[in-house]
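*Asks:* Protein chains in written order, with the working numbering: chain A, 804 to 1118; chain B, -6 to 437; chain C, 71 to 361.
In short, the hints are calculated from the structure, not lab data.
Only a predicted model underlies this, so the values are computations on that prediction, with no experimental measurement involved.
Heads up, some of the hints might be wrong.
[Claimed, not checked] DSS-like cross-link-like pairs, simulated, lysine-lysine; straight-line CA separation at most 27 Å:
| no. | chain 1 | residue 1 | chain 2 | residue 2 |
| --- | --- | --- | --- | --- |
| 1 | C | 276 | B | 63 |
| 2 | B | 63 | A | 946 |
| 3 | B | 210 | B | 284 |
[Stated by the list, open to error] Far from chain A, by Cβ distances over 12 Å, these chain B residues were calculated:
| no. | residue |
| --- | --- |
| 4 | 48 |
| 5 | 78 |
| 6 | 92 |
| 7 | 117 |
| 8 | 124 |
| 9 | 145 |
| 10 | 159 |
| 11 | 180 |
| 12 | 213 |
| 13 | 281 |
| 14 | 410 |
Ideal Cβ positions, reconstructed from N, Cα and C, are used throughout, including at glycine.
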Amino acid sequence: MSSSRNALRRADRIGWLFALPHLVLFAVFLLAPVGYGFYLSLHRWHVLAQDHPFVGFANYRAALADDIFWLALRNTLLFVVIAVPFGNAVSLLLALGLNGLRKASTPYKVAVYLPVVVSISVVAVLWRWLYNREVGLLNLTAKGFVDALRSLGLPLAPFDPIPWLADPSLVMLSIALMTIWWTAGGNMILYLAGLGNIPEDYYEAARIDGATNAQRFWHVTWPLLRPTTLFCLVISVLGSFQIFGQSYVLFAPGSGPARSGLTLALYMYQQGFSQYEIGYGAAIAYLLFALVLGLTVVQFRLFNAERRAREGRAI
Amino acid sequence: MLLDRPPTTRREFLRRAARQGLGGAALLAAAASGGGCGVGRQKAAVRDERDAQGRRILNFWNGFTGPDGKTMEKIVRRFREENPDLDVRMQIIPWGTYYDKLTLSLAFGGAPHVCIVHAARLPEFAAYDALNDLGGLYAAEAAGGRGFSEADFAPVPWRATFYKGRQYALPLDVHPICLYYNRKLFREAGIDGPPATGEAFLEAAKALTRDTDRDGKTDQWGFVYTWQRTNFLTFAAQFGGGIVTPDLQHAALSSPGSLAAAHTMLDLITRHRVAPRPEGVDAWLAFRQGKVGMALEGIYMQTSLEEQKGLEWAAAPAPQFGPQQGVWGGSHLLAQPRGIPDDAARDAWRLMRYLSDQSLAWAAGGQVPARRDALNNAAFSQLAAPAQAARQLDYVVYEPMTPRGNALFPFADPAIEAFLIGRETPEEAFADADRRMEQVLKRP
Amino acid sequence: MSTTRYRPQARRRRFDPGQAFLHGVMALAALLFLAPLGWMLSTSLKSPEDVIAGLGAMRWLPNPLTTENYRYILSKVEEFPVWRWTANSVLVALSVTALVLVVDTLAAFAYARLRWRGRDALFGLLVATMLVPGQALLIPSYLIVRALGWFDTYLALIVPAGASAFGVFLLRQFFSNIPAELEEAAVLDGCGPLQVLRHVILPLAKPALAALGIFTFMATWNAFEGPLLYTDSLAMRTLPIGIAVFQGRYNTEYGPMMAAATLAAVPVVIAFLLFQRHIIKGIALTGLAGR
Chain A
804 MSSSRNALRR
814 ADRIGWLFAL
824 PHLVLFAVFL
834 LAPVGYGFYL
844 SLHRWHVLAQ
854 DHPFVGFANY
864 RAALADDIFW
874 LALRNTLLFV
884 VIAVPFGNAV
894 SLLLALGLNG
904 LRKASTPYKV
914 AVYLPVVVSI
924 SVVAVLWRWL
934 YNREVGLLNL
944 TAKGFVDALR
954 SLGLPLAPFD
964 PIPWLADPSL
974 VMLSIALMTI
984 WWTAGGNMIL
994 YLAGLGNIPE
1004 DYYEAARIDG
1014 ATNAQRFWHV
1024 TWPLLRPTTL
1034 FCLVISVLGS
1044 FQIFGQSYVL
1054 FAPGSGPARS
1064 GLTLALYMYQ
1074 QGFSQYEIGY
1084 GAAIAYLLFA
1094 LVLGLTVVQF
1104 RLFNAERRAR
1114 EGRAI
Chain B
-6 MLLDRPPTTR
4 REFLRRAARQ
14 GLGGAALLAA
24 AASGGGCGVG
34 RQKAAVRDER
44 DAQGRRILNF
54 WNGFTGPDGK
64 TMEKIVRRFR
74 EENPDLDVRM
84 QIIPWGTYYD
94 KLTLSLAFGG
104 APHVCIVHAA
114 RLPEFAAYDA
124 LNDLGGLYAA
134 EAAGGRGFSE
144 ADFAPVPWRA
154 TFYKGRQYAL
164 PLDVHPICLY
174 YNRKLFREAG
184 IDGPPATGEA
194 FLEAAKALTR
204 DTDRDGKTDQ
214 WGFVYTWQRT
224 NFLTFAAQFG
234 GGIVTPDLQH
244 AALSSPGSLA
254 AAHTMLDLIT
264 RHRVAPRPEG
274 VDAWLAFRQG
284 KVGMALEGIY
294 MQTSLEEQKG
304 LEWAAAPAPQ
314 FGPQQGVWGG
324 SHLLAQPRGI
334 PDDAARDAWR
344 LMRYLSDQSL
354 AWAAGGQVPA
364 RRDALNNAAF
374 SQLAAPAQAA
384 RQLDYVVYEP
394 MTPRGNALFP
404 FADPAIEAFL
414 IGRETPEEAF
424 ADADRRMEQV
434 LKRP
Chain C
71 MSTTRYRPQA
81 RRRRFDPGQA
91 FLHGVMALAA
101 LLFLAPLGWM
111 LSTSLKSPED
121 VIAGLGAMRW
131 LPNPLTTENY
141 RYILSKVEEF
151 PVWRWTANSV
161 LVALSVTALV
171 LVVDTLAAFA
181 YARLRWRGRD
191 ALFGLLVATM
201 LVPGQALLIP
211 SYLIVRALGW
221 FDTYLALIVP
231 AGASAFGVFL
241 LRQFFSNIPA
251 ELEEAAVLDG
261 CGPLQVLRHV
271 ILPLAKPALA
281 ALGIFTFMAT
291 WNAFEGPLLY
301 TDSLAMRTLP
311 IGIAVFQGRY
321 NTEYGPMMAA
331 ATLAAVPVVI
341 AFLLFQRHII
351 KGIALTGLAG
361 R
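Whole structure, please, built from the sequences with the hints as guidance.
*Replies:* Shown next, in the form of structure tokens:
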């Protein structure tokens, strides 16, 4: 009895010993910030102040009454709503295309994935140039296109340069487009891997049943791809809510015309490190955290409910 | 699967965690992080370091990125030659990020021995007790017979060095707005000299606004808005308005004075059509290119005009548009961080004192010195633009001298822009901004 | 795990119009994705006049072709120490990758193959924190880095990155799938846990380790928010931050900016092209495991 307990203790020790290096880092740089951030959010904490009085949830109340917070939330949501579905659709379509190729798909894969390896600064610097109203590639190309059509006699109005980054109502769309270009390759690889995991027998069976391409997609590919889709969606939503670098490099510090590029993460950064209100910034961070957590849970619920419904039907 | 099947329920986890001393790990982490409340200003903000030769290192931070930085570098180099016992290291940080860095260094350590602080930023640092009270150093200087008194400085910058009765800085300069005008365009339009009143300004602006190539579009403007904030503050000061009330307690963009200033500005665009909407125009560039007759800009902009070949320009005091005199201005003040050791503070003072004594050299880069002896020096009156700007010295108005000033501009700036580009009326834009600024001012 | 790809029709034909069409579509997509990078390179090689005006601005092939932009920014060594930033990025990315591989391997082994009290609870905690958005922790992490005295040092750029639970999670999935018999045989031969890890687990988990290494390296190479906050001096910046700060001052000089962006992108693009097979495989693997 006692020897087995000793053995157990020894096993415990070994287990902890192996886990410890990571645990220490984890505790100091992940757990501690989680707790410390919450602690900060309950205080009025100006970086220069000598004392930081406890204010309860006053920072949270102030944030919820702060219309710039809501504007930042609106901008962030707008970005998520554009970038996540369209980004995933682009990635999935590309993956389906690649998957359908019998050979020589690698060059396409490499080309689409290439932007992923470039850092956000380079991406934003480059796209600010592409989006230039007068001489940016996008407007130049569009103008050339419109002019060509006009010279063919089509009754089109002369091309009016699109103010990609100057018009507040276009800013988030432009940022989303840039982000989709930047990240589509990553999800494409994941979708491709998911497609590769679908056993061929299913398609074989569908073919014997005489299913069309569309039927094969909706009855075999789409349902069997669901774990991949879910994973990609969750990852995209998580990432999109945290959007920071795009606006920071394109617009900092004011974040664009009429603050149209101001996102939650950036607002938190501004409050913490330009207004020096650490406590207020931390409260915004926690609201962001709660939002992301809530949304992720909802996503899983939806997917599970949908799966149950489908399985119920199948039986 | 990521979430479908969490290995354990939360409650079970908490129970087990408590039993197995995870609390201890968390505690450890908290201790490593400074115990939650320990991360404040505990260490001295300034590091006292020596260089390889055993000389004290003096760090001096400023944001002079342009030609003024070269001027400052020259002055500092001379100081180094004359004070071989000190190793002065000047760091130029662009103004855009300067205060973020300075504030964080004051809070967490690594602050410079001497830093430039704008007059309007001093109250915030002083209110948080982040700057060294220079009372002792001023007194020691007086005891040595080289003391400074109010009489040695222009009154506006001198007053700006105090916060609640304590003196935190040595004033270096004043940089008010002034009227830059294109002499060639003035000559062509038959205007004698720079306008001094609102009426004369309007008359000149009308004569200068032209469609030179007769395509139906104005291509030469009488006036442009460059930095909208300082332009507005100039107009507001003349109409008795401002961003906050004189007692600094309330937002005042909706006050009659501010609204009158805004409408006067707007009229130049919409009614008199002598200025373009400031949308998508690189206004200062247009002035440099000779396509604009007049602009209201800080005296420090003169260096960018000196670089412009073929441009005939001059500076004059800003015209008086409203019932009273007033122009926006800023001041570079020299300050030290709190917690600087006494002997380091004395060495730092030597540098500050030297820079002040070199006011005339500094003024040549496009500044009005704060020191009276420099102002009264004949050599200063040779500096055309700064000498003109100096005529406004008595009625220079700073940005709001409140610890909350920095937190107000994120609301005031967009409101000024909104009415100038015509997105909102001044009334709408200012009511909205006032409401938000009132929240900031009310914060405990 | 079946990895055979579904091929619509197994019969071989000389010319398949469907396939040709698909190739056309994919080629067009690939071109669209390459075009911005191509334009960046093209702009960087244009003369200043051609960058912003006239016919020159519309040309894909610069004429005249000039390296003036590159010479210009490389002459601004004091404001634009691009080689230093590159070296920082390489050093930091390699160090973080090494740290993560070592620390996460040990931890994953403990969670996957060892039995100890607290294991499951801790692992649950690790998994739960994977949902915490990194940005939400920026402010407290900054204060912690300051309190440790690591501000503006390599330590701040390297050590905090080891806290993530992702790698532990990923490796645990792989380690758990390794048959227990192999381990038991090794234990019978007198191997301790460390030997089991070294001689049994690691050789079998090479693909997973490679995948985690690649993933970590790339994530660190492109990291933005942390390095932005944890460093201050020009000499300590990593490449992405350096470029971001630099562009703030030269934001209308597009020729030099594109040259700077190209310089920053070239090493990583070359590395990717050299190792693309492994990288793409590795990313797919991390995705599969994460799912």
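*Asks:* Decide, hint by hint, whether the structure agrees.
*Replies:* Status of each hint after checking the structure:
A threshold of 27 Å between alpha carbons decides the hint, and for residue 276 of chain C with residue 63 of chain B the separation of about 57 Å lies outside it, so the pair is violated. About 45 Å separates the Cα atoms of residue 63 of chain B and residue 946 of chain A, which puts this hinted pair outside 27 Å; it is violated. Between residue 210 of chain B and residue 284 of chain B, the direct Cα distance comes to roughly 13 Å. Compliance with the 27 Å bound is thereby established for this hinted pair. Once the 12 Å rule is applied to beta carbons, residue 48 of chain B is consistent with being away from chain A; the minimum gap is 30 Å.
A cut-off of 12 Å between C-beta atoms confirms that residue 78 of chain B is not in contact with chain A; the least separation is 32 Å. Residue placement check: residue 92 of chain B does not keep its beta carbon more than 12 Å from all beta carbons of chain A (closest about 8 Å). With a least beta-carbon separation of about 8 Å from chain A, residue 117 of chain B fails to lie farther than 12 Å from that chain, contradicting its non-interface assignment. A Cβ of chain A approaches the Cβ of residue 124 of chain B within 12 Å, the least distance being about 10 Å, so the stated non-interface status is violated.
With a least beta-carbon separation of about 30 Å from chain A, residue 145 of chain B lies farther than 12 Å from that chain, consistent with its non-interface assignment. The claim that residue 159 of chain B is not at the interface with chain A holds, since no C-beta of that chain comes within 12 Å of its own (minimum 16 Å). Residue placement check: residue 180 of chain B keeps its beta carbon more than 12 Å from all beta carbons of chain A (closest about 33 Å). Against chain A, the non-interface label of residue 213 of chain B holds: every CB pair exceeds 12 Å, the least being about 21 Å.
Interface exclusion of residue 281 of chain B from chain A stands, the closest Cβ pair being 20 Å apart, more than 12 Å. The beta carbon of residue 410 of chain B sits about 9 Å from the closest Cβ of chain A, which is not more than 12 Å, so the claim that it is off the interface is violated.
In this structure, the earlier hints numbered 1, 2, 6, 7, 8, 14 are contradicted, and the remaining ones agree with it.
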